[in-house]
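Engineer: If you read the sequences in order, they're chains A and B.
Numbering follows my numbering, with no gaps: position 47 of the first sequence is 49.
Numbering follows my numbering, with no gaps: position 252 of the second sequence is 270.
Honestly, the hints are just simulated from the structure, not real lab data.
C-beta atoms are modelled at their ideal positions from N, C-alpha and C, and glycine is treated no differently.
Please note that the accuracy of each hint is not assured.
Per the computed footprint, the stretches of chain B lying under chain A, defined by three or more beta-carbons under 8 Å from a beta-carbon of chain A, are [what the hints assert, rightly or not]:
| no. | region |
| --- | --- |
| 1 | 46–59 |
| 2 | 80–91 |
| 3 | 166–176 |
| 4 | 329–337 |
Straight-line alpha carbon distances no greater than 20 Å define the calculated SDA-like cross-link-like pairs of lysine to any residue that follow [said to hold, decoys possible]:
| no. | chain 1 | residue 1 | chain 2 | residue 2 |
| --- | --- | --- | --- | --- |
| 5 | B | Lys258 | A | Leu426 |
| 6 | A | Lys404 | B | Gln333 |
| 7 | B | Lys258 | A | Ala397 |
| 8 | B | Lys258 | A | Gly428 |
| 9 | B | Lys247 | B | Ala237 |
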Amino acid sequence: MPNVPELRLGVDVGGTHTDAVLIDRSERLLGKVKVTTDPDVASGIAAAISAVLDVGATMPARVSHVMIGTTHATNAVLERTGLARVAVLRIGGPATHAIPPLFGWPEDLRRAVSVAETIVDGGSEFDGRELTSFDSDAAARFVASLPGDVDGVAVSSVFSPVSAAHELRAAEVIRAERGSDVHVSLSHEIGTLGLLERENATVLNEALVTTTRHFIAAIRRALEYSGLGHATAYFTQNDGTLMSLDYITHFPVLTIGSGPANSIRGAAHLSGVEDAVVVDVGGTSTDVGMLVGGFPRESVFGVRIGGIATNFRMPDLVSIALGGGTICRSTGDDVRIGPDSVGYHLEQEALAFGGPTPTLSDAAIAAGRTHFGNAAVTLTPALGRSLSIADEMLAEAVDRVKTAKGDVVLIAVGGGSVLVPEALPGIAAVLRPEHFEVANAVGAAIGTVSGQIDRIFQQAGRSRQQIIDEACAQACNEAVRAGADPNAVEVVDLEDIPLSYLTNPGLRLRVKAAGPLAGL
Amino acid sequence: MVLLDAETLRSQARGCGILGAGGGGATNVGLLAALRSIELHGPASLADLDDLPSNELVLPIGMVGAPVVSVEKFCNGSEAGRIVERVEAMTGRRVAALMAHEIGGSNGLFPAAHAAQLGLPVVDADGMGRAFPEMTQMSMDLAGVDPSPCVMTDERANVVVINPVDGRWLESLCRAAAVAFGGRAISSQYLMTVGRARDAAVTGSVSLAIRIGSAVAWAPGTAVEALIKEVGGFRLLEGKVSDVERRVTGGFVRGSAQIEGLRGDAGRLLRLELQNENLVALDAGVVVASVPDIISVVDTLTGDAVSTEVLRYGQRVSVIAFPCDPVWRSPAGLRRVGPRAFGYDFDHVPVEVLCAERT
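With the rest of the complex left out, here is chain A:
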């Protein structure tokens, strides 16, 4: 059946390389490529797509889905380019005036993003009561006063993870005033407890809406150009799961941090293991994360994006400056490795290619861990010592990431993972699955769709089990909203988070549901 679309194409944009893979319906890999990352991310993705189609000698018509892990949102925040003009509406008065919105932001980012900021009365208490009634008149006046070039409004209200009622009413007020020409982000759909961090994340999200819309248009053009106009495209988010293009148009900030998540999910798929430490070694750095039940474990602390505190769910990683291109230097008695790397100049610089610079790849070759290149490398004491330092750094990073005592399996992926030794303390076995060097693109291609909630639920006469059931249903709904098959969605993680110093705290639950793409 050559004309039935049945293949999935996964692309992952990394710092040095953009990888692409093609997999079939039974998730077998048919083609893989690595191209140098283009500063224009959309063009780089287009190049990777056409290259992998060539390698797989595949008719574009056979590709049904394209899954993309992208860095355009991260770049936009770090470089302050293409950011939307955002009005910031906080609903929390008379409380919270002591710290106004965006207080503590880097001044240039604040100027690039914010049109106006205000606090109006409203919000909720931790137990779901109203903090005070929502001042919709004040909200309407604020919206009416905004300049014509405002692109969107970021709305946050106190304890919206408990009750989102006032945020939803604010959205109505904004639509009544401005129609559909301004976009609205609501904090309860974006972050969790911690008003300032959630508000920051909501503003960042809104700031990325316009650029993401343009980016998606560029991707659609690239797909048309590659003959993939019929394929359905998805982006991966920071837990390694997929979002439809429509969904990402509203929640672009969720793509930040998707790279490591893709690697971890890809490692799970390639190895068939669901619980393990995943070590992803690139040219310059190594990310060590934990795979739990097939998903990356997430950090308990909020993540900083572009210098701003957020409370994002991100893969919990330990990153170290250790990669295949990491430079090894003698320092008299001892050696020092990194933190700098020859990066993608490995084939010009490394000893194994006749170059002048000793790298960790050379050390690994000399020690017999791998063999590539075209020049012989001898195991000098300095190279041997470099490799033991690298092993120690890796062992420490692995140990920090492990969640419990006892030995676990380690999956080594990424182009530089030949560095990983066969044995490490606390590790039962080191797995090196086939296609390890493109695990991130594989992770994108095999992605499932997830939904997550993190809320405080009040007992309100219900049993604990009833509350848990309600939370699970909400998470499943979120997954379906993001594009999951409603018939196959299931809860993959449920966490009960302690609330100290509260005598009648209700229940704080974090639930994640996931399922395969609808219509796959």
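Start from chain A and add chain B according to the hints.
Structural biologist: Same frame as chain A, now just chain B:
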């Protein structure tokens, strides 16, 4: 005169985290509020009790209730002013300065966030010298200062005045009111004159927090050594969190943590008993430090406090212990906050004695 400017406040925040002994709540919201306040009103000054008029009032103030509520619903800035106004109207006396009722954790920064706009100094003192879970565990209660009147308020300008007959009633009435306020409220109690505060408060605690914070900040790589030197403390262990067991009962996080020794401490195992704060440290089953002495878990690299709520397997930490304020080591102090007050069947031995015995 010390001004509580931005850099000083950042140092103080780190110090308050360490003095929290694992509890007291995160300091970031308090720090941001204080930084915003000095942006608007300029820095408040830090006053010594000896430099204030003896017959004017010191107002102990802070948040009561759940720190988690404060990360969502924080102050609007008018709260302390309203309490000062009410107290002055009720007593006919002038409030000379604000004082943290608890230096450890988020409450340690509360006065700094409110004093400047009121034109008042922050007193270099507090009611605990660390963090404790209950309001009666304040040095003023021990000294016999009347807890009444207790004035509580919120961002809506609700005001509740409680006249409890003793510390126990203060604790239960104040807690109940805090729940009704929405899980937390701003409260002042154990009002006293400056003259009385000189004996009844724990003095020097704000400047101690600032010194701790700057010692840690200016000693990258050797933060823990700098911290130990500053507080006259002891390193109980450098290691890695190897096990955490936590449960929430009656509003308290209870449980234990195990720290496995690394480097020079390899092969040793330290166990911490937790009840919101770190209460007891045991090395091979032997008590090496206990409440009311301060046991803090800090990041081995940065020296920043790691609270009991965020302790997690794999963290590289150092456990340090140092003497509490002498007020808690008196027989009456130990009855209030010694190991037995928290349900342990042993008597307090000062950490410096325990650590001298070990070496």
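Engineer: What are the numbers of the hints that this structure violates, sorted from low to high?
Structural biologist: none
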